[in-house]
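Chemist: Knowing the structure of chain A, use the given hints to seat chains B, C and D on it.
Chain by chain, the residues run as shown.
Protein chains: 4
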Amino acid sequence: MIVTMQSDASEAEADNVIALLRTNGYDLHLIRDAGPVAIGINGRPIGSDLPSVICDMPGVAHIHSGGRPYKLAARGVRPLGTTVQVGEVQFGGPLPAMIAGPCAVESREQTLRTADIVREAGGVMLRGGAFKPRSSPYSFQGMGEEGLQILAEARERTGLPFVTEVMEPEQVELVAAYADMLQIGSRNMMNVPLLRRAAATHKPIMLKRGFASTIEEWLLSAEYILAEGNDRVVLCERGIRSFDTATRFTLDLNAVPLIKQLTHLPIIVDPSHGTGLRELVAPMSLAAVAAGAHGLVLEVHDNPDEALCDGPQSITGETLAEIISRSTAISSLLSPTASLLAL
Amino acid sequence: MIVTMQSDASEAEADNVIALLRTNGYDLHLIRDAGPVAIGINGRPIGSDLPSVICDMPGVAHIHSGGRPYKLAARGVRPLGTTVQVGEVQFGGPLPAMIAGPCAVESREQTLRTADIVREAGGVMLRGGAFKPRSSPYSFQGMGEEGLQILAEARERTGLPFVTEVMEPEQVELVAAYADMLQIGSRNMMNVPLLRRAAATHKPIMLKRGFASTIEEWLLSAEYILAEGNDRVVLCERGIRSFDTATRFTLDLNAVPLIKQLTHLPIIVDPSHGTGLRELVAPMSLAAVAAGAHGLVLEVHDNPDEALCDGPQSITGETLAEIISRSTAISSLLSPTASLLAL
Amino acid sequence: MIVTMQSDASEAEADNVIALLRTNGYDLHLIRDAGPVAIGINGRPIGSDLPSVICDMPGVAHIHSGGRPYKLAARGVRPLGTTVQVGEVQFGGPLPAMIAGPCAVESREQTLRTADIVREAGGVMLRGGAFKPRSSPYSFQGMGEEGLQILAEARERTGLPFVTEVMEPEQVELVAAYADMLQIGSRNMMNVPLLRRAAATHKPIMLKRGFASTIEEWLLSAEYILAEGNDRVVLCERGIRSFDTATRFTLDLNAVPLIKQLTHLPIIVDPSHGTGLRELVAPMSLAAVAAGAHGLVLEVHDNPDEALCDGPQSITGETLAEIISRSTAISSLLSPTASLLAL
Amino acid sequence: MIVTMQSDASEAEADNVIALLRTNGYDLHLIRDAGPVAIGINGRPIGSDLPSVICDMPGVAHIHSGGRPYKLAARGVRPLGTTVQVGEVQFGGPLPAMIAGPCAVESREQTLRTADIVREAGGVMLRGGAFKPRSSPYSFQGMGEEGLQILAEARERTGLPFVTEVMEPEQVELVAAYADMLQIGSRNMMNVPLLRRAAATHKPIMLKRGFASTIEEWLLSAEYILAEGNDRVVLCERGIRSFDTATRFTLDLNAVPLIKQLTHLPIIVDPSHGTGLRELVAPMSLAAVAAGAHGLVLEVHDNPDEALCDGPQSITGETLAEIISRSTAISSLLSPTASLLAL
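Residue numbers (this note's numbering), protein chains in the order written: chain A, 27 to 369; chain B, 27 to 369; chain C, 27 to 369; chain D, 27 to 369.
Keep in mind that the hints were calculated from the coordinates and are not lab data. Just so you know, even glycine gets a beta-carbon here, dropped at the ideal spot from N, CA and C. Treat the hints with care, as some may be off.
Computed spacing ranges between beta-carbons, pair by pair [said to hold, decoys possible]:
| hint | chain 1 | residue 1 | chain 2 | residue 2 | range |
| --- | --- | --- | --- | --- | --- |
| 1 | D | Arg-48 | C | Glu-344 | 31 to 37 Å |
| 2 | C | Arg-160 | A | Thr-271 | 50 to 56 Å |
| 3 | D | Pro-120 | C | His-228 | 53 to 59 Å |
In silico negatives: residues of chain B with every beta carbon more than 10 Å from chain A [to be verified]:
| hint | residue |
| --- | --- |
| 4 | Asp-53 |
| 5 | Gln-111 |
| 6 | Glu-114 |
| 7 | Arg-160 |
| 8 | Glu-172 |
| 9 | Asp-206 |
| 10 | Ser-247 |
| 11 | Ala-253 |
| 12 | Ala-272 |
| 13 | Thr-345 |
| 14 | Ala-355 |
Listed next, the in silico DSSO-like pairs over lysine-lysine satisfying Cα-Cα at most 27 Å (straight line) [claimed, not checked]:
| hint | chain 1 | residue 1 | chain 2 | residue 2 |
| --- | --- | --- | --- | --- |
| 15 | C | Lys-158 | C | Lys-229 |
| 16 | D | Lys-229 | D | Lys-97 |
| 17 | C | Lys-97 | D | Lys-158 |
| 18 | A | Lys-97 | B | Lys-158 |
| 19 | C | Lys-229 | C | Lys-97 |
| 20 | B | Lys-229 | B | Lys-158 |
| 21 | B | Lys-229 | A | Lys-97 |
| 22 | D | Lys-158 | D | Lys-229 |
| 23 | D | Lys-97 | C | Lys-158 |
Next up, chain A with everything else stripped away, as it sits in the complex:
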């Protein structure tokens, strides 16, 4: 661990930090170059409170720890990776898991028809929003519990488990009573009370990346869930905010190999929300799988000829089937070659 003093810190301020560390038994090295004093701390793990005490001492600029701020999520905890099982679906196994469904549950007919399409196309899990996070109070906010019942009926009918978003702590038990997997959405990635309450159900959790969250912040949110004793966490990249408005978000596939290097948790990708453009969904799906993703989440609509609800990012069942078959082919090209893409 290295403590760096501010450039205008006094000798006395540096001495205070040094004295405190020596009192606590640390082995120190002082580094004085052209810039501010840096203090190297050696030899054994530092206590959990001491860093924040030092951080608050006058003249201290910042503390650079050699280790990562997340512990349970770190790759080293399970070097071979974690497999999260939802019914018969496996995240983190050899094949990418394909989740698909409508953006929102809008009616029983639309949902059941879409579920059939997903199963026929080769999907292994359903998605669909019963409670919808919306920027505007004047937008459709979802069907609520009725939507959950429709999703449960779709599961009966198709045999596919479903994942759906939970938006507030008080809703967690209700949603968990129906869903096979709970989704924490992008806007709620840092909603700690929600993370804790969802973790406590011991259901598997799909944790979407905040659209302006760093990789480290994302893993710290996962750490909140792991720290509650629930390690059934699947991370989902869904696009970050950038300066370019050509796409609604910038799907960040760099996150896939980076996440695989940093954590043992599975990582999947949502190219539908991540790009917001139907034409980009197929190529970015294949790219995600080629980058090593453990699965995809895709928005599908039922019948484009009749549909009123054909969002600009939803694909047809036909496109879904093609994505699934080619993803499987790409995935099998990668699998024997673990040495290259490995972890």
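Modeler: Only chains B, C and D this time, still in chain A's reference frame:
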């Protein structure tokens, strides 16, 4: 309102949209240039559901409404601006309101001493966190209700009202029982259940901007509160995320005149969190007031010589006093000249 | 084309715009909704000067053209796409073209050895910097013409053509005398005099995306080259600047399918500079090819055991060979299915 | 200086670095914590080549120097700050210097009329573009040398010196023959050949910040000019690119106090390009001065009633006069209190 078709939309798709609009009695203008067909809709406000129905029709690229998506927050609703009163403190009046206090309530002594410093420096309101939003589960999460009791004691002692953050819907009533004003933090700006529950208390609310939220998203979050019948909303700019890591966030002062143009709600600025650097707090405070801010929120610590809790962005009571006296002077330079900076 | 007036524009200002357009013979539609007046312009292409005249009239907010601001680069000009030939290397054909080489030419030995590695691994073209753009005046600025001579020797030896960066207009002829293809770097994407001078050589040009440039700005830079009568332009995505510092840049693979939709020019990807991390180069290479890229540019070093020049993003010849063989396999999976990823 | 090894670096790799440093006579401290090995280097300045050699050694992750990468631009070189004189205009003195003029020189009449307006409003220097950097090859590219002649005539007439942009190395001598100060625009901030050629004229240089450049990159560009022996550099903040499209750019006033802390060079602000919105120019001008800016650059138009050339960010002479008088008042409020805003 203008509907733009996708560049590869068929004639039939455009005709479907046109037919639906004509059926609903709209007066239409077709615009066909080198690019895709655009359909201008004239003459009377369009129904609340129709835009989302059109948006979902095949071939529709997007809908550009002449109006803003927020209604109650729009400047036009109260052209002279809203004044939010918290005890004797006025947000939106002629003088900037100065809020200050520790980042977190860490002990009774530290809080009372800091409160004294704030009052002596000329502050009119206290701030301090009892519940703290933290990226990491291993960081200090606040003193909770005990912190609220200490803040209430500081109010008794100084006569200054206080604002403090509320982080989850279930906490709202507890925090509202103590606090004079509820703070919705940056990470919760889009936490709709929290916005609604806080609004229902009819307490004044300080709504911080999400660190990656657009101005429009911010005003839509305010709209959620206004739509619950609570118009005592004060907006607070606190820095956005950018590519430059020289400061922790990029305090976006452009938001101040822009917000004053778009909405009637008061706007204040938090240069402490917005920059994360003590040396920048004073100049950016004066800049915020010169840009037209209705107030400031500042982090102050009690005694730098003894303090363990001297964050890199906290200022002393002396600096606070100077900021307040110069802000007042700058503000009085601006006031007679409403024509220039107007709104 | 749609002209939107400012929200506070007067009737008289709108009338001026309308009068000018009518005088010029346009067929107009006025759209007055809750928001500002919009004027739809119909029926025939507007003259090249008129838009900028209107744009400058009082009260005009902005002009939204149905068409794209680039003309020669637009997909519609050559719906089947452009193939750029460099010797026997083809960009825009059925197979991705693999370019590799050292970051900078540092010595004759290192360059020739690396060139051998590239050829053996299956690369079809060499890269290497003789003139280097550096942020700091104290960094190595490249070997200059001597570097070009070394690259020419490497070409003799391996039979592979090479691409190298040109940094200023006065250098263009010198570099063009040696190189098979000129590279315009990310920092020079908007350097118009350089674009024009390079275009005038009629050499093929690799145009890297500015690290903070939108897709539209990038295509407008290509338009400068095309407008000089040189259509041998290959676009190269190399990472954009975002808020996350986990990678040096955020390689934006969304650009690949988007560029293929918007322009007929080939698009290749540079995962070495785009991520800055060796471990990410292989997975992001395969992802780029799966997304539809027409080629890759990769940094390779000669001998990691002896090398002094082993940048954190350079890969070995072995990894290069694996990337090339798997890219070819992925590419052949995609090719028969032009309908899905098409354009 | 601290060298950090990669997390998967071998013992042998760390030993190689250590051996090289010891051979070169450095005093080392090894820091081994939970994370990777860090090597602290003590005692004397390290040679100019060694860091880049180490950086390239296998297993090295990065080098963190206590010092700044810019030397001549560092604050410590001239703790009292540099004053740049252009005729009678002073940048870095007690009063902010007010530069104003049209965006582009479009005609003799417009330019002379605008110059009169600037002088009458209290401006001390003229600005105006003769060569214009444009994203599109189809936009007006400026009047060229004729524009320079018109600007020279405006100088004769008003007695005010002028600054104008130079866009390519070969233009430098021509522009320098007319102009009092050379402007390097945002898109050319990293155009090293241009920086060097402009520096060689020994004219004062206004160096605009790249719209996606960090503060450190900006100071490194200034360093290129200083390293040529020209220290007459004035930095100009002009807005950065962010995710919010409510303003064309995000004017980053945090840069003002930060730059004053890091360098001795004067810093001015361009709120016209920095916001792109006329209504924001006055409040952001006053904010810039309150933040400590040494001057402003403003776009002014001549006669809004007749003008064809009234860009959405240009202000009238009346507004300019008000900005100048209030800026002076704010500036005088700040001056006696150097202790607070100091540097």
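Chemist: Hints broken by the structure, by number, lowest first?
Modeler: Numbers 2, 7, 10, 11, 21 - these are the hints that the structure violates, sorted from lowest upward.
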